Every structure is written in structure tokens, then in C-alpha cells.
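Participant: Each chain, written out:
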Amino acid sequence: MKIEPLEDRVVVEPLEAEEVTKGGIVLPDTAKERPQEGKVVAVGPGKMLETGERAKPAVKKGDTVVYAKYGGMEIEVDGKEYLILRESDILAVVE
Amino acid sequence: MKIEPLEDRVVVEPLEAEEVTKGGIVLPDTAKERPQEGKVVAVGPGKMLETGERAKPAVKKGDTVVYAKYGGMEIEVDGKEYLILRESDILAVVE
Amino acid sequence: MKIEPLEDRVVVEPLEAEEVTKGGIVLPDTAKERPQEGKVVAVGPGKMLETGERAKPAVKKGDTVVYAKYGGMEIEVDGKEYLILRESDILAVVE
Amino acid sequence: MKIEPLEDRVVVEPLEAEEVTKGGIVLPDTAKERPQEGKVVAVGPGKMLETGERAKPAVKKGDTVVYAKYGGMEIEVDGKEYLILRESDILAVVE
Amino acid sequence: MKIEPLEDRVVVEPLEAEEVTKGGIVLPDTAKERPQEGKVVAVGPGKMLETGERAKPAVKKGDTVVYAKYGGMEIEVDGKEYLILRESDILAVVE
Amino acid sequence: MKIEPLEDRVVVEPLEAEEVTKGGIVLPDTAKERPQEGKVVAVGPGKMLETGERAKPAVKKGDTVVYAKYGGMEIEVDGKEYLILRESDILAVVE
Amino acid sequence: MKIEPLEDRVVVEPLEAEEVTKGGIVLPDTAKERPQEGKVVAVGPGKMLETGERAKPAVKKGDTVVYAKYGGMEIEVDGKEYLILRESDILAVVE
Numbered sequence: 001m002k003i004e005p006l007e008d009r010v011v012v013e014p015l016e017a018e019e020v021t022k023g024g025i026v027l028p029d030t031a032k033e034r035p036q037e038g039k040v041v042a043v044g045p046g047k048m049l050e051t052g053e054r055a056k057p058a059v060k061k062g063d064t065v066v067y068a069k070y071g072g073m074e075i076e077v078d079g080k081e082y083l084i085l086r087e088s089d090i091l092a093v094v095e
Numbered sequence: 001m002k003i004e005p006l007e008d009r010v011v012v013e014p015l016e017a018e019e020v021t022k023g024g025i026v027l028p029d030t031a032k033e034r035p036q037e038g039k040v041v042a043v044g045p046g047k048m049l050e051t052g053e054r055a056k057p058a059v060k061k062g063d064t065v066v067y068a069k070y071g072g073m074e075i076e077v078d079g080k081e082y083l084i085l086r087e088s089d090i091l092a093v094v095e
Numbered sequence: 001m002k003i004e005p006l007e008d009r010v011v012v013e014p015l016e017a018e019e020v021t022k023g024g025i026v027l028p029d030t031a032k033e034r035p036q037e038g039k040v041v042a043v044g045p046g047k048m049l050e051t052g053e054r055a056k057p058a059v060k061k062g063d064t065v066v067y068a069k070y071g072g073m074e075i076e077v078d079g080k081e082y083l084i085l086r087e088s089d090i091l092a093v094v095e
Numbered sequence: 001m002k003i004e005p006l007e008d009r010v011v012v013e014p015l016e017a018e019e020v021t022k023g024g025i026v027l028p029d030t031a032k033e034r035p036q037e038g039k040v041v042a043v044g045p046g047k048m049l050e051t052g053e054r055a056k057p058a059v060k061k062g063d064t065v066v067y068a069k070y071g072g073m074e075i076e077v078d079g080k081e082y083l084i085l086r087e088s089d090i091l092a093v094v095e
Numbered sequence: 001m002k003i004e005p006l007e008d009r010v011v012v013e014p015l016e017a018e019e020v021t022k023g024g025i026v027l028p029d030t031a032k033e034r035p036q037e038g039k040v041v042a043v044g045p046g047k048m049l050e051t052g053e054r055a056k057p058a059v060k061k062g063d064t065v066v067y068a069k070y071g072g073m074e075i076e077v078d079g080k081e082y083l084i085l086r087e088s089d090i091l092a093v094v095e
Numbered sequence: 001m002k003i004e005p006l007e008d009r010v011v012v013e014p015l016e017a018e019e020v021t022k023g024g025i026v027l028p029d030t031a032k033e034r035p036q037e038g039k040v041v042a043v044g045p046g047k048m049l050e051t052g053e054r055a056k057p058a059v060k061k062g063d064t065v066v067y068a069k070y071g072g073m074e075i076e077v078d079g080k081e082y083l084i085l086r087e088s089d090i091l092a093v094v095e
Numbered sequence: 001m002k003i004e005p006l007e008d009r010v011v012v013e014p015l016e017a018e019e020v021t022k023g024g025i026v027l028p029d030t031a032k033e034r035p036q037e038g039k040v041v042a043v044g045p046g047k048m049l050e051t052g053e054r055a056k057p058a059v060k061k062g063d064t065v066v067y068a069k070y071g072g073m074e075i076e077v078d079g080k081e082y083l084i085l086r087e088s089d090i091l092a093v094v095e
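Chains as they are written, first to last, in my numbering: chain A, 1 to 95; chain B, 1 to 95; chain C, 1 to 95; chain D, 1 to 95; chain E, 1 to 95; chain F, 1 to 95; chain G, 1 to 95.
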């Protein structure tokens, strides 16, 4: 199943704690307000500006991102858990 | 009866749990904050921008969409239940 | 008495439950949050945009509309009950 | 004494219940949320738009208007009670 | 001491009840929500618009104005009480 | 140490009550909501407008200003107390 | 690991109390509402304006800044604590 987010929304696959540790970022389970790490799996066309044009998305499919979890909605696609967020909930791209 | 939504509103026919499962998305009845899946049956002319022009709608009749239920209003047309939402309550188009 | 709404306001004559049923939409009296059906009897010149121009109203006199009741104010003209709403409280035109 | 409202403000002389009845609109004293009827006695130059120009007022001196009372401030000029409101609190002009 | 308000701020000298009565407006001390009358003693350069230009102030030094008191801040200059308000808190100019 | 405020921020050195009295403004310590007097020691480049340009600051280094204290943040530089405020918290320049 | 903040976000490495003292700013641990000092380690591309262009960031990598802590989110990268803030939470650059 293919999922195409609208506007500036992004579908993110949360990274497991173990994978996260490899990347160098440690995010203890108890830290509620800490941002989380995930992989971008789908990106919307971008936010519409008042001019009617769309702002180019700042992330792309495959990017590893740090995001604020509270802004997203959980969705289960083909038995896997994803998060749909707005690009503004994504804090940074990590490499 | 024909229904023509105003502005960026969209009329959606909610998909039953069984149909949803076929599409690959499982949305347990108990998950209140989870987005839901539905079929677009009518689309408004689009949101008016400050320039006076309308933004082109991002969904079209027949699209299967995932939406946040809390933003919509229920309406019963010819004995069937529908939801009128704003396009901003639609998270993604699924295929 | 003639009534001319200002801005994007619309005067609506609420349709009785019986009339509604004929149109195919059933709106039980107990459903508080459900939109209601009515007939447009007067339309304002449209909302003023930041450019100083007015947005063309999306409904016209005689249209049957579905509206969210909570946004309007009740008014009694020549012994009859009407509702003055903003166009943004009108969800759809029905035919 | 002459009073010149600023911006999109309008000075309204509330109409007494008896006068109102003549006009066809009955506004029971107990109806708190109902709009009220009054006569426009002074009109400001209009709301300033972001362009620096002023929007032309939609009402003029002498108009009979229906307004939402909660938005206005009472003022007593030469022993008479008036209301200063913004044009956005005026719902309609009646004839 | 000279005082130059910033933006669309205005320095107003409140008029005493006795003076007010002469002007025709009676503002009982008990009326908390009633607007008050005062004399403009200093006017700022005007509110900056999004274009970077300033909106021309609608009042000038010497004007007698009616204002909503709650929006202002009291200041004592050379032993005298003044109020600094934004122009939007001034309802009308009286003559 | 040099401090360069960002945007429309201004660094102010609060004036002591004694100094204030000389300037003609008396600000009793008990008056919490009263604006306070201070000297501008550093000014940011100005607020960015939606056009991408910056609005020219309305105060300059050395100005004596009256400001609303609640909007600022206290900072101690080289053992001295300062306040960082936004220009919109400055009510007036006094001379 | 490299971290690239989005929009007008900035990654800051908080300065320890001792280092802070050297810089001349004393920030007692008990002062909750006081701004804090840190070093900029990464800067986003800048906030997108309504025109679709980005505002040039006002800080650069290596800058020592004073920031309001409450607006940021803590993140641990390679075992070190950082803060991701928006540029609007940065009050000033210190030298």
C-alpha cells in the first residue's frame, strides 16, 4: 500500500532504541519530552503559501530525522507502526 | 440528492473496519486518537487565499483518504452516514 | 421588511424536520452537534480581503444549505425565525 | 457635541422596543444573545488594511441596523445613551 | 520633560469629572466598563504596517478623545497623572 | 563584554528611583503595573517584516525610555543588572 | 554524527557555570527564568517567509549566545547534551 501525505505532512517510521544507539543518539524511554529519531518514508507536496505556491519540503524519503513526537498521529500500515507529522514537528536531519 | 461542500470542505464516506483491513490499515475501534480511513464523495472549490483566488484541492472524488475524525461533522444523507471535513483534516491519500 | 446582511453574512430560514426528511437528510432533534438544513433568504456582499476587494459569496438567495448552527444568531423578522450566520458556518449546498 | 468614531467604529442609538415592533422585528428583553436594533448616528473612516488604505464603511449615518450588543461600549452623550461598536459587530442593515 | 510615545501609542491626560460634564458626557465613577474622556498630549509615529510603512495616526495633540481605560498604562510625569494607550484603545474624537 | 541583541530586542539598564526622580517621573516601588524608566545600552537590527526586510528600530543607544517591565528578561553582565526586552515593550522615549 | 536543524532552528551547546563566569555573565542555578549562555554548534537554513524565501539566520556556528531555555528541546548526541531552539528563543549574541 502506498501512502501520499497531504500538504507539509511527512510519514516517519520510528527507529528502535537499539538502532538509535548505533546512530549516536540515546533517547531513554523515560524521557517524555525528548525528541525521537525516525526514518522518513513519505513526504507531502509542501505547505501552501498565501501566494498559492507550495514551499519545497525540507526533508526527503530516506532521511533520518529527529522529531517532536507530540505533534504526530500514529497509523498502522500493513502491520507496521508509522507516524504522520507536519514538517514543523521535525527538528533536524541527522547523518 | 447532490451535496456540494463549500470552501476547502470534503465529504467523506467512512470505510468499515472490514474494508479497512483489506486495504492493509488496521484501525482498532478503541483507538480514539487514530486517524480513520474513508472515501471522498464530494470536494469543495478549495480554500480562498488572501489574493482572492482559490487553492486547488489536493484530493478528488473517489480518493481513499486517511483523516483525523475530530475535525469533521457527521451528516446523514439518504440514510447513509457521511463526514464533512476541511481538507486540512485529511492527512494522506492511500492507494 | 428587507434585511441586508453585512460582509460574508447570510440570513437563513431553518427548514422544519418534515421538509428536511423530504430532501433526504434526517437530522434528529437530539443531535446537537449535527449540522442543520435551511434556505438562504439574504446574502451579504462577501468578506473583505486584505487587498480591499470582496470575496464573491459562495451561496445565493434560494439555495438550500447545510450549516453549523452554533455560529449563528437568531433573529425574528415579521414574526418568523431566521438565523444570521457567516458563510464559513455554511458547510455545503444541497440540491 | 459632535462625536467622530475612529477606525471602523460606529455610534449607534439603540431603538426602543416599541419602535422595534413597528419595524417588524420583535426582540424580547429576556433574549440576551439576540441581536438588537438601532440607528447609526456616526461612522468612522473605516478599518485600515495592511496596504495602509481604509476599507469603505458598509453602513452610513441614518441606517437602521441589527447589531450584536456584546461587542460595544456604552457612552452617554448630552444625556442620551449610545453604543460604540466596531462594524464587524453589525450584522445587517434593515429597511 | 518631553515624552515621545513609540508606534501607535498616545499619551492622554484624563479629564476630571467636572470638565467632562461641561463637554456633555457624564461618566459616573461607578461605571467601570464605560469609556473615559481625556486630552491627547503626545502621539507616536503610527503603527508599522507589514509593508514597513507607518499608518498615519488618527488623533493629534490637543484632541479630546473617548478611550477604553483598561488598555492603558498609568504614568506620572512632573507630578501629573497620564495614560499611555494604543490608538486602538481610543474609540472616538469629540468636539 | 559586548552584547548584541537579536531582532527587535533592546538591552536596557534600569534607572534607580533617585535618578528617576530627577527626570521628573516618580515610580513608587509598590506600583507593580507601572512602566519603568531605563537607559538603552544596546539595540538589535530590528524586527523582520514578511517582506524579509527589517523595520528600523525606533530607539537608539543612550535613549532614556519608559518600558513595561513584565515583557523583559533579566540578565547580569559584568556584575550589573540589565533587562532584555522587545521594542514593543518600550512605551516611550523621554527627554 | 552531523545534525542539520530545520527552518530557523539552532543547536546550542549549553555553557557550564564556570565557563559562563569567565565570560562575565553570572547565571545562578536557582534563577529559573533567567536566560542562559551557550555556544551555537549548528544553524538551520532560516525561517520561511510568506514569499517563499528564507530569512537569513542571525547567528552562525561558533557564536556565543544568550537564550531563553524554556523554548528548546534537549537532545543527547554522541553522549553530549544539546538544546534545539528556534532563533526567536535566542536573545543576543555575546562577545
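Everything labelled a hint here was simulated from the structure, so no lab data went into it. This structure is a prediction, so every number in the text was calculated from the model and none was measured. Note that CB positions come from ideal geometry on N, CA and C, so glycine has one too. Watch out, some of these pointers could steer you wrong.
What the hints assert, rightly or not - Result set (BS3-like, lysine-lysine): computed pairs, CA atoms no more than 25 Å apart in a straight line: (1) Lys61/G <-> Lys60/F; (2) Lys56/A <-> Lys2/B; (3) Lys80/G <-> Lys56/F.
What the hints assert, rightly or not - Sample of chain A residues at the chain G side, in silico, Cβ under 10 Å: (4) Glu4; (5) Arg34; (6) Pro45; (7) Lys47; (8) Glu50; (9) Gly62; (10) Val66; (11) Ala68; (12) Ser88; (13) Leu91.
Unchecked claim - Label pairs and their computed distance ranges (CB to CB): (14) Glu95/B <-> Glu50/D: 40 to 48 Å; (15) Glu53/E <-> Glu16/G: 41 to 49 Å; (16) Leu49/C <-> Ser88/F: 22 to 30 Å; (17) Met1/B <-> Gly52/F: 30 to 38 Å; (18) Ser88/G <-> Gly62/A: 53 to 61 Å; (19) Lys56/E <-> Gly71/F: 50 to 58 Å; (20) Lys61/D <-> Lys61/B: 47 to 55 Å; (21) Pro45/D <-> Lys39/C: 34 to 42 Å.
Participant: Give a verdict on every hint.
Facilitator: Tested hints:
1. For the hint pairing Lys61/G with Lys60/F, the CA-to-CA distance comes to about 28 Å; that exceeds 25 Å, so the pair is violated.
2. The straight-line distance between the Cα atoms of Lys56/A and Lys2/B is roughly 37 Å, outside the 25 Å bound, and the hint therefore fails.
3. Taking the CA atoms of Lys80/G and Lys56/F, the gap is near 40 Å; set against the 25 Å cutoff, the hint is violated.
4. A distance limit of 10 Å between C-beta atoms decides the matter here; for Glu4/A the minimum to chain G is near 21 Å, and the interface restraint is violated.
5. Annotation: interface hint on Arg34/A holds; nearest CB of chain G at approximately 6 Å, less than 10 Å.
6. Annotation: Pro45/A was flagged as interfacial toward chain G, and the flag is violated, the nearest CB pair being 14 Å apart, outside 10 Å.
7. At about 8 Å, the closest approach between the beta carbon of Lys47/A and any beta carbon in chain G falls short of 10 Å, and the interface hint on this residue holds.
8. Satisfaction of the interface hint for Glu50/A is found here, the shortest Cβ-Cβ separation to chain G being roughly 5 Å, below the 10 Å cut-off.
9. Contact between Gly62/A and chain G, as hinted, is not supported at the beta carbon level, the nearest pair being about 14 Å apart and thus beyond 10 Å.
10. Evaluation of the Val66/A hint against chain G yields a held restraint, the C-beta minimum of about 6 Å falling below 10 Å.
11. Because the closest C-beta pair between Ala68/A and chain G is about 6 Å apart, less than 10 Å, the hint holds.
12. Given the 10 Å rule on beta carbons, the hint for Ser88/A holds: about 7 Å separates it from the nearest Cβ of chain G.
13. Given the 10 Å rule on beta carbons, the hint for Leu91/A holds: about 5 Å separates it from the nearest Cβ of chain G.
14. For Glu95/B and Glu50/D, the hinted distance range of 40 to 48 Å is satisfied, since their beta carbons lie about 41 Å from each other.
15. At about 47 Å, the CB distance of Glu53/E to Glu16/G agrees with the hint of 41 to 49 Å.
16. Look at Leu49/C against Ser88/F: about 27 Å separates their beta carbons, and that is inside 22 to 30 Å.
17. For the pair Met1/B and Gly52/F, the beta carbons lie near 50 Å from each other, so the given range of 30 to 38 Å is not met.
18. Here the CB-CB span from Ser88/G to Gly62/A is close to 30 Å, at odds with the stated 53 to 61 Å.
19. Checked against the hint of 50 to 58 Å, the C-beta distance between Lys56/E and Gly71/F comes to roughly 27 Å, which is inconsistent with it.
20. A C-beta distance of roughly 50 Å is found between Lys61/D and Lys61/B, which places it inside the suggested range of 47 to 55 Å.
21. Taking the beta carbon of each, Pro45/D and Lys39/C are about 37 Å apart, inside 34 to 42 Å as hinted.
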